[in-house]
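Read in the numbering used here, the sequence shown has 68 at position 68, and its numbers run on one by one without any break.
No wet-lab data here; the hints were simulated from the structure. Just so we're clear, the structure is a prediction, and the values are computed from it rather than from any experiment. Every residue, glycine too, gets a C-beta built ideally from N, C-alpha and C.
Cut-off 25 Å, straight-line C-alpha distance, at most; resulting in silico cross-link-like pairs (DMTMM-like, lysine to aspartate or glutamate): (1) Lys5 - Asp125; (2) Lys12 - Asp109; (3) Lys100 - Glu122; (4) Lys12 - Glu122; (5) Lys5 - Glu122; (6) Lys97 - Asp125; (7) Lys5 - Glu91; (8) Lys100 - Glu127; (9) Lys182 - Asp109; (10) Lys119 - Glu91; (11) Lys101 - Glu127; (12) Lys4 - Glu127.
What follows is a list of derived Cβ distance ranges for each label pair: (13) Leu196 - Phe76: 21 to 29 Å; (14) Glu70 - Val44: 18 to 26 Å; (15) Val171 - Ile62: 22 to 30 Å.
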Amino acid sequence: MSRKKALTAALKASSPVFFGYISIGFAYGFLLVKSGFEWYWAPVMSLTIFAGAAQFMAISLINQNKSFIEMGLAIFLLNARHMVYGFSVLERYAPFKRFKKYLIFGLTDETYALITTIKPPEGADPEFFDFCITALNQSYWTLGGILGALLGTIISWNAPGLDFALTALFVVLMIEQIRTLKRPAPFLLGLAAPVLLYLTGLTEQALFLGIVISSAGCFFMKKSGTDAGEPETVAQEKADV
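Sequences are here, hints too, so could you generate the full structure?
Here you go:
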């Protein structure tokens with residue numbers, strides 16, 4: 001019963017990601033085929049890599065005949081944020097046994113947003129709940145990629161602009177987190193840092209340096225007593241204790 005409850009709650013919680021991942025995965029699969037890849041590379045990459053932005057970037061880098069070292073460095077910098085917010089779930093994942101390795105592998109921006117803002121239903125296994133959310137999100141992404149790749153083999157339309165879909169989903173999830181956490185300061189800092197770096201001409205390093213500056217800023221906000229990202233409900237519980 002607890003597993004059924006966890007799965008039902010995970011389906012409900014991940015429904016926004018379903019619509020986003022299906023459409024964005026579709027765009028990814030479509031672009032992959034239009035870039036000269038066979039359709040089956042969409043599910044292969046989605047099952048073994050499962051990093052939306054990195055998969056979009058990989059299409060461009062491979063077509064530009066970049067070396068493995070160049071691709072590795074570019075994707076590492078792009079996904080460096082995973083290490084930053086991955087540290088924040090170490091304590092959460094510490095007691096997990098069965099699905100721990102998969103949960104680490106399957107942690108994405110959207111999955112992180114869900115597991116850090118939505119609590120498992122009462123009586124449900126937290127590990128299985130996180131597993132359900134992670135597995136469902138990966139299945140949405142993989143399904144979208146397959147559909148897009150298959151359609152891409154049929155029609156000749158090149159669909160310019162589809163690669164912006166992932167950015168659009170991230171913005172929507174960010175807005176939802178701001179509403180839930182009611183702490184806009186970290187998000188404003190995360191927005192301002194890369195913009196300032198771009199304005200100063202540091203365009204190539206803007207992503208990585210923006211992550212470092214934003215993370216440092218949030219750390220000092222927390223140390224100074226400013227709740228940089230704690231939901232009101234949690235803060236109230238602490239106050240009550």
